[in-house]
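Peer 1: Each chain is listed here by its residues.
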Amino acid sequence: MTPQPITPDTTSYYHAAYLVAGALYLGYVLSLWWRARRLRK
Amino acid sequence: MTAPPPAPAPVVHATLLAKRFGTRVAVAGVDLTLNAGECLALFGPNGAGKTTLLRLVAGLLRPSAGSVQVRGVDVRRDAHARSSVGLISHHSMLYAPLTALENVEFTARLYGLADPRGAARRALESMRVVDRAAVPVRTLSRGLQQRVSIARAIVHDPTLVLLDEPYSGLDEAGAAALTSLLQALRGRGATLVVVTHNVSEGLALATHAAIMTGGRFARFEQRDARAFDAQRYAAEYRELVRHGA
Amino acid sequence: MVPNAPGFLAASWIVARKDLAIELRTRSAFLSVVMFALLGLVIFFFAWDPTAVSSLDLAPGVLWVTFTFAGLLGLHRSFGIELEDRAIDALLVAPIERESIYAGKAIANAIFVSAVLVIAVPALALFYNLPLGRAIVALGVVAVLAAIGLVAIGTLFSAMAVNTRMAELLLPMLSLPFFVPIVLSSAQASTRLLANRPFGEVLPWLKILVGFDIVFAVACTVAFPHTLEE
Amino acid sequence: MKLLAVAIAAVLAAIVRIMFFTPIELLQGAAQKIYYIHVPAILSAYLALGIVALMSIVYLWLHDERADRLAESAGEVALLFTTVTLSTGPIWAKPIWGTWWTWDARLTLTLFLWFVTAAYLVLRGAIDDPIMRGRYSAVLAVLAVLLIPFIHLSVYLFRTLHPMPIVLKPDRPSLPVEMLTTFLLSLGAFLVFCVALIRARYRLALLRDATAVP
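Sequence lines, in order, name chains A, B, C and D. Under my numbering, think of the first position of the first sequence as 1, with each following residue one higher. Under my numbering, think of the first position of the second sequence as 42, with each following residue one higher. Under my numbering, think of the first position of the third sequence as 287, with each following residue one higher. Under my numbering, think of the first position of the fourth sequence as 517, with each following residue one higher.
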């Protein structure tokens, strides 16, 4: 019976990466919207 | 049956010449034709587009519309065609650490002159500034620098000379030297375009006179037999500028 | 009497001679760059514990980093002198190719940078007690190749940076990414040359350097007219 | 704005699929799911950088303002995607390779692209005259394209001489079909997102130029 590889629990890294990516993407979209609003004024 | 030899291409030929910087229109459609030996005095308030027009003719700027040619050639494309052009602008175009002689000799080399040092010395003599030839230009007064800059611009005996307010900063002797130099150049068949605010100085040499406002020739005329009447022209010029043609 | 305007190389040499004449007249620029380079070598020496890392391994890296920044300092003023009184306009009105203006200034800069090297490399050999004979030859050859690449890029970006607001900061920021392959290859090649490794190990790095020099000397010359006022 | 809304919806759908409908990979655990946004980010960055390079060549050739404006927009979006790549990369490398940063050839190239893109945007920021700004940034972009092979070559040569202790190289993992479809969906969503962002940034540039006082 080949030794079953125990799957490391790396969910914290997984969540961290998605949060960081999400923040960057959201931040950029907001900056686009905010700059457009400022220019329109 | 040989056709008559085609008339030589005009020294300067501009058609619908225009130049925009972003949204600002500096030159808005200028037509100009000058032949050998002619001299255009170009007047106009600040910001009228005089300097831009001069830089377009010298090939320093790319036209936004229309075209300009020197002897039928676009000087921006053909380097060799630039060998007959001389430019005097607000800036001295000199290297401050170098002496007057070194500056003018450097320009002489750029034009492939046989004896660059001799040509440089002669040019400095014609502007009566040869005694200060061995001193770094940095140490010269503005007026003397202007003389060196003029000498640098005509060292290769150009047949098209573009002068942007050449008299500014010159004293009596300097102005006299410049006037006799321009007369000598014209005597040798050169074509001049002189941008100036001094009506009498400009008209003295001119075969054509133009007033430029808002990037366009508000007035352009060729001298007929009589010389230009400086007083009357000056009055009309002030009138025209005040009304903002 | 249309004078015969000088060709590309002749015009480039005329521009280069003028730049060198200015350099000789204002020696302060050259001296300050040499001082900067020597100081860099000295400061780096104290950055490491000499017992832990042998100075032989250290020397090439130190030379290339110091040389890169010294070179940048020297290159920055290259186009400054042209813009002071718009002397560049006189060059653009002259009957010479736009590219020869760049080539002339690049040649003058190459000579300027090489002169710095002629002082910095022996100083390095002295400070880091490198085997003098071999070191000079090894570093010398690689130095020339590195200098060409550095000057090709630095001269073009100097022509651009000098027209912008924060020129001093912009020149290094634009140039340094382009210096990565130069510094990397030079350091690797000279380390092996110094350690007397077989030439076969040095060759790939020299090939990258030569390739870089050729590609960017041509590309920068072709790109230069596009940086001029339209 | 419609395309941007569609793109955001597509990305969110992909995220939902990644989180809830894609099995955990046995070897790396949940961290393997970073793959589904890390790789699309760098590929989107390459797309944006490709547009910058292409539009720069077009601008130098035709002096067309729109090409310059598109290059500017794609440049900013490229910086966003390279930043995401460089932040998710190390977070994924830590549990898998044991270190936050390795001078892996691909990561180093991404880092270098980040520096050049940042330099491109700072250069644009330092010049007011639109024509000079267009020309200078186009020249930088074209030269940067020529530099990429040299960076790749020298870093690769450098790495093969000092092989990094790579525990587990997630190079071309043969993904089971389920994961592969998730990856492709996510890639598609992010590429659309990239294009939508460039378009939105382009309109912003148009607005700025329109309101720019002459």
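Read the hints as simulated data drawn from the structure, not as lab findings. Glycine included, each C-beta is placed from N, C-alpha and C at the ideal position. Be careful, since some hints might not be right.
Residues from chain C that keep clear of chain B, each with C-beta distances beyond 12 Å, as calculated [said to hold, decoys possible]: (1) Trp299; (2) Ile382; (3) Ser400.
Distance windows between CB atoms, simulated [said to hold, decoys possible]: (4) D:Ala525 - A:Ala23: 18 to 28 Å; (5) A:Leu39 - C:Phe294: 16 to 26 Å; (6) C:Thr337 - D:Gly704: 53 to 63 Å; (7) C:Asn290 - A:Leu39: 53 to 63 Å; (8) C:Glu454 - A:Thr7: 49 to 59 Å; (9) B:Phe62 - C:Gly486: 19 to 29 Å; (10) A:Trp33 - B:His131: 42 to 52 Å; (11) A:Trp33 - C:Ala409: 50 to 60 Å; (12) B:Asp265 - C:Phe294: 44 to 54 Å; (13) B:Pro49 - C:Phe294: 51 to 61 Å; (14) C:Val496 - B:His132: 39 to 49 Å; (15) D:Pro692 - C:Glu454: 52 to 62 Å; (16) D:Asp725 - C:Met452: 19 to 29 Å.
List time: in silico EDC-like cross-link candidates among lysine to aspartate or glutamate, alpha-carbon distance up to 16 Å [unchecked claim]: (17) D:Lys610 - D:Asp620; (18) D:Lys610 - A:Asp9; (19) A:Lys41 - D:Asp620.
Peer 1: For every hint, state whether the structure bears it out.
Peer 2: Outcome of the hint check:
no.: 1; hint: Trp299; result: violated, 9 Å
no.: 2; hint: Ile382; result: violated, 6 Å
no.: 3; hint: Ser400; result: holds, 21 Å
no.: 4; hint: D:Ala525 - A:Ala23: 18 to 28 Å; result: holds, 19 Å
no.: 5; hint: A:Leu39 - C:Phe294: 16 to 26 Å; result: violated, 47 Å
no.: 6; hint: C:Thr337 - D:Gly704: 53 to 63 Å; result: holds, 58 Å
no.: 7; hint: C:Asn290 - A:Leu39: 53 to 63 Å; result: holds, 56 Å
no.: 8; hint: C:Glu454 - A:Thr7: 49 to 59 Å; result: holds, 54 Å
no.: 9; hint: B:Phe62 - C:Gly486: 19 to 29 Å; result: violated, 57 Å
no.: 10; hint: A:Trp33 - B:His131: 42 to 52 Å; result: holds, 46 Å
no.: 11; hint: A:Trp33 - C:Ala409: 50 to 60 Å; result: holds, 57 Å
no.: 12; hint: B:Asp265 - C:Phe294: 44 to 54 Å; result: holds, 48 Å
no.: 13; hint: B:Pro49 - C:Phe294: 51 to 61 Å; result: violated, 30 Å
no.: 14; hint: C:Val496 - B:His132: 39 to 49 Å; result: holds, 41 Å
no.: 15; hint: D:Pro692 - C:Glu454: 52 to 62 Å; result: holds, 55 Å
no.: 16; hint: D:Asp725 - C:Met452: 19 to 29 Å; result: holds, 23 Å
no.: 17; hint: D:Lys610 - D:Asp620; result: holds, 13 Å
no.: 18; hint: D:Lys610 - A:Asp9; result: holds, 13 Å
no.: 19; hint: A:Lys41 - D:Asp620; result: violated, 47 Å
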